[in-house]
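Residue numbers (numbering that gives the first Met the number 0), protein chains in the order written: chain A, 0 to 257; chain B, 0 to 356.
Check each hint, because a few of them may be wrong.
To be verified - Below 30 Å or equal to it, Euclidean Cα-Cα: the simulated BS3-like pairs (lysine-lysine) are:
#: 1; chain 1: B; residue 1: LYS244; chain 2: A; residue 2: LYS67
#: 2; chain 1: B; residue 1: LYS194; chain 2: B; residue 2: LYS62
#: 3; chain 1: A; residue 1: LYS67; chain 2: A; residue 2: LYS159
#: 4; chain 1: B; residue 1: LYS336; chain 2: A; residue 2: LYS251
#: 5; chain 1: B; residue 1: LYS194; chain 2: A; residue 2: LYS42
#: 6; chain 1: B; residue 1: LYS244; chain 2: A; residue 2: LYS245
#: 7; chain 1: B; residue 1: LYS62; chain 2: A; residue 2: LYS159
#: 8; chain 1: B; residue 1: LYS336; chain 2: B; residue 2: LYS188
Calculated from the structure, these hints are not laboratory results.
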Amino acid sequence: MIKFENMKIANTILIAGCLALVLTSCKDDEIITCVPMDGSTLKLTVQPTFGAQDLHLDSIYTTAEGYKVQFTEIKFYIQDVKNGSSTIISDGLFDFRSRGTLLLEASGDPLDFIELQANLGVDSSINHDNPSEFPNSSWLNISNSNDMHWGWNPGYIFVKIEAKADTIADGNDIFDHNVVFHVGLDANMQTLDYANLNWLALGNDVHELQFGLDLATFLQGSTQSIDLQTEYSSHSAPGQEALTLKVMENFKEALTLL
Amino acid sequence: MKYALIAFVIVATFFSCKKDNVGYEPTPYELDIPSHFPDMIIPIDNPMTFEGVALGRKLFYEKQLSGDNTQACAACHSPQTAFSDGNQFSTGIDGLEGNRNSMALINLGWQNFFFWDGRAATLEEQILEPVIDPIEMHETWPNAVSKLYGSQEYRDMFYQAFGETGIDSVKVSKAIAQFLRTMISGNSKYDVIYKAENNLPLSASDQAMYATVSPEESAGYDLFKSLNGADCFHCHNGPLMQVQKFSNNGLDPVFSDNGRGDVTGNPSDNGKFKVPTLRNIAYSAPYMHDGRFATLDEVINHYSFGINISPTLDPLIEYAAQGGVQLGPFEADLVKKFLLTLSDESFINNPDFQEPQ
Numbered sequence: 000m001i002k003f004e005n006m007k008i009a010n011t012i013l014i015a016g017c018l019a020l021v022l023t024s025c026k027d028d029e030i031i032t033c034v035p036m037d038g039s040t041l042k043l044t045v046q047p048t049f050g051a052q053d054l055h056l057d058s059i060y061t062t063a064e065g066y067k068v069q070f071t072e073i074k075f076y077i078q079d080v081k082n083g084s085s086t087i088i089s090d091g092l093f094d095f096r097s098r099g100t101l102l103l104e105a106s107g108d109p110l111d112f113i114e115l116q117a118n119l120g121v122d123s124s125i126n127h128d129n130p131s132e133f134p135n136s137s138w139l140n141i142s143n144s145n146d147m148h149w150g151w152n153p154g155y156i157f158v159k160i161e162a163k164a165d166t167i168a169d170g171n172d173i174f175d176h177n178v179v180f181h182v183g184l185d186a187n188m189q190t191l192d193y194a195n196l197n198w199l200a201l202g203n204d205v206h207e208l209q210f211g212l213d214l215a216t217f218l219q220g221s222t223q224s225i226d227l228q229t230e231y232s233s234h235s236a237p238g239q240e241a242l243t244l245k246v247m248e249n250f251k252e253a254l255t256l257l
Numbered sequence: 000m001k002y003a004l005i006a007f008v009i010v011a012t013f014f015s016c017k018k019d020n021v022g023y024e025p026t027p028y029e030l031d032i033p034s035h036f037p038d039m040i041i042p043i044d045n046p047m048t049f050e051g052v053a054l055g056r057k058l059f060y061e062k063q064l065s066g067d068n069t070q071a072c073a074a075c076h077s078p079q080t081a082f083s084d085g086n087q088f089s090t091g092i093d094g095l096e097g098n099r100n101s102m103a104l105i106n107l108g109w110q111n112f113f114f115w116d117g118r119a120a121t122l123e124e125q126i127l128e129p130v131i132d133p134i135e136m137h138e139t140w141p142n143a144v145s146k147l148y149g150s151q152e153y154r155d156m157f158y159q160a161f162g163e164t165g166i167d168s169v170k171v172s173k174a175i176a177q178f179l180r181t182m183i184s185g186n187s188k189y190d191v192i193y194k195a196e197n198n199l200p201l202s203a204s205d206q207a208m209y210a211t212v213s214p215e216e217s218a219g220y221d222l223f224k225s226l227n228g229a230d231c232f233h234c235h236n237g238p239l240m241q242v243q244k245f246s247n248n249g250l251d252p253v254f255s256d257n258g259r260g261d262v263t264g265n266p267s268d269n270g271k272f273k274v275p276t277l278r279n280i281a282y283s284a285p286y287m288h289d290g291r292f293a294t295l296d297e298v299i300n301h302y303s304f305g306i307n308i309s310p311t312l313d314p315l316i317e318y319a320a321q322g323g324v325q326l327g328p329f330e331a332d333l334v335k336k337f338l339l340t341l342s343d344e345s346f347i348n349n350p351d352f353q354e355p356q
């Protein structure tokens, strides 16, 4: 099947239709505005930080243990984003390197979303579906999920953090310690629930909800920490369950409303 | 003045149409997309038509696009080598060599960026480059276009494809892009392995092919995707057998070619190159952006023992500290057997992709 960029087609039709309307309308005093309907846009953004400072990929930060770390990838899925029975959007993918701080954008009214629930990860009811069959607009479509889908163990990676660390405090910055957390599997999905949402009006009927993602908290959670010298790799494989779950729990703690 | 010009163009168009006496009735081209692939997103300003694809195919094999009329795209992208070049570096019309290995042209309709360093964002944009590249076809676009315009056959074909008289570089690149989008490879043993693994339905011919997957090929695939085995699948996987990203896979400790870094100007991108597909890899030797490895054995040896540490090395080269994944000769051979399951003869030999007669 070939699909064209549907949104663009829709807008072209809208504009063409509008133009036809303008051309055929005879009343001089009528003002026709050619603006797409559903004007109201909701945006969710995530600003990664390391403690108090904004985090930049490939920059060097020092952990509580005194290790130096450079993050190279931060990606995660949220899915079934809603307030009770009103859905904002079916899924969103955060990809700091390719897409910056944008988590998702959808049309909707902020008044409908004074609270928000979502899955951190992908629900088991769709996690194992054919990744080529999601609509082209979905971040779960394999063209968009890219390296966030496991073809060999069908399902999505929920949270992906990759980094390079220097865990030897000898004054030489040699980042030869690879850090790879790829967490998926149904059992590890978490749910997110936020109340008292503070939507920022950006003008033009765009409203933004800002989250922070503190990687220092991710490593040093309130109840459990991740020591990169020994806990540097999880692919959610058998035998890695404890670290795998800790990655998800600490990630959830690190993701907060601003 | 403006109106006079438009009127003139209309009159000119009218007359030239009459003279060439061909009509504009484009036939939509339905791509044959394998069932386990995602949709291909076609740019709205370059819809696929039979006429466009036929023209693109002819242009892909057209030597007049080069300065001395000796070199077509196919010179460096020939069907027998999975539309790449068997030489380490391709030689342009002036006898000059570049410093990058020609890339296999496979499933380009699903790529997010083009060239080893990703400097082109679209196929249409990419195609404008080789014609004017001084170390490749070394021609100017006005010259190339006027040579094509001299031929009645091309004038007709361009009219049939685009419904306008006149030829320009944009139309040439659009037509070639349409042809390249038809070059889909999704009929290898790996494809049935992928479908079976993802619980997708297997057709009768799929099942017949699945039955030919040998125990060694299966064991090779297990190693390919195993964290404690060859650990290849983080970068080469899915229906395309590649992920869309730039990565440093440990070829060099210091870089003579900065790759992506020279495009972005960001030193954190130095030494990173586009992750290539492994489809039809048996045909597309030599390997890597600089064609440094002549055989798949050399490639597997690199990932086993030859990893060089550098500041931008991908953390997914997980055993870098030990020099690589340390496959023994028996395991290396199994991985190679799996890589050969990515060969798709129906792609290499597809008559629709060969030089038109």
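Cross-check of the supplied hints:
1. B/LYS244 - A/LYS67: holds, 25 Å
2. B/LYS194 - B/LYS62: violated, 40 Å
3. A/LYS67 - A/LYS159: holds, 19 Å
4. B/LYS336 - A/LYS251: violated, 42 Å
5. B/LYS194 - A/LYS42: Answer violated: B/LYS194 to A/LYS42 is near 36 Å, above 30 Å.
6. B/LYS244 - A/LYS245: holds, 28 Å
7. B/LYS62 - A/LYS159: violated, 47 Å
8. B/LYS336 - B/LYS188: The given pair, whose Cα atoms are some 11 Å apart, holds under the 30 Å limit.
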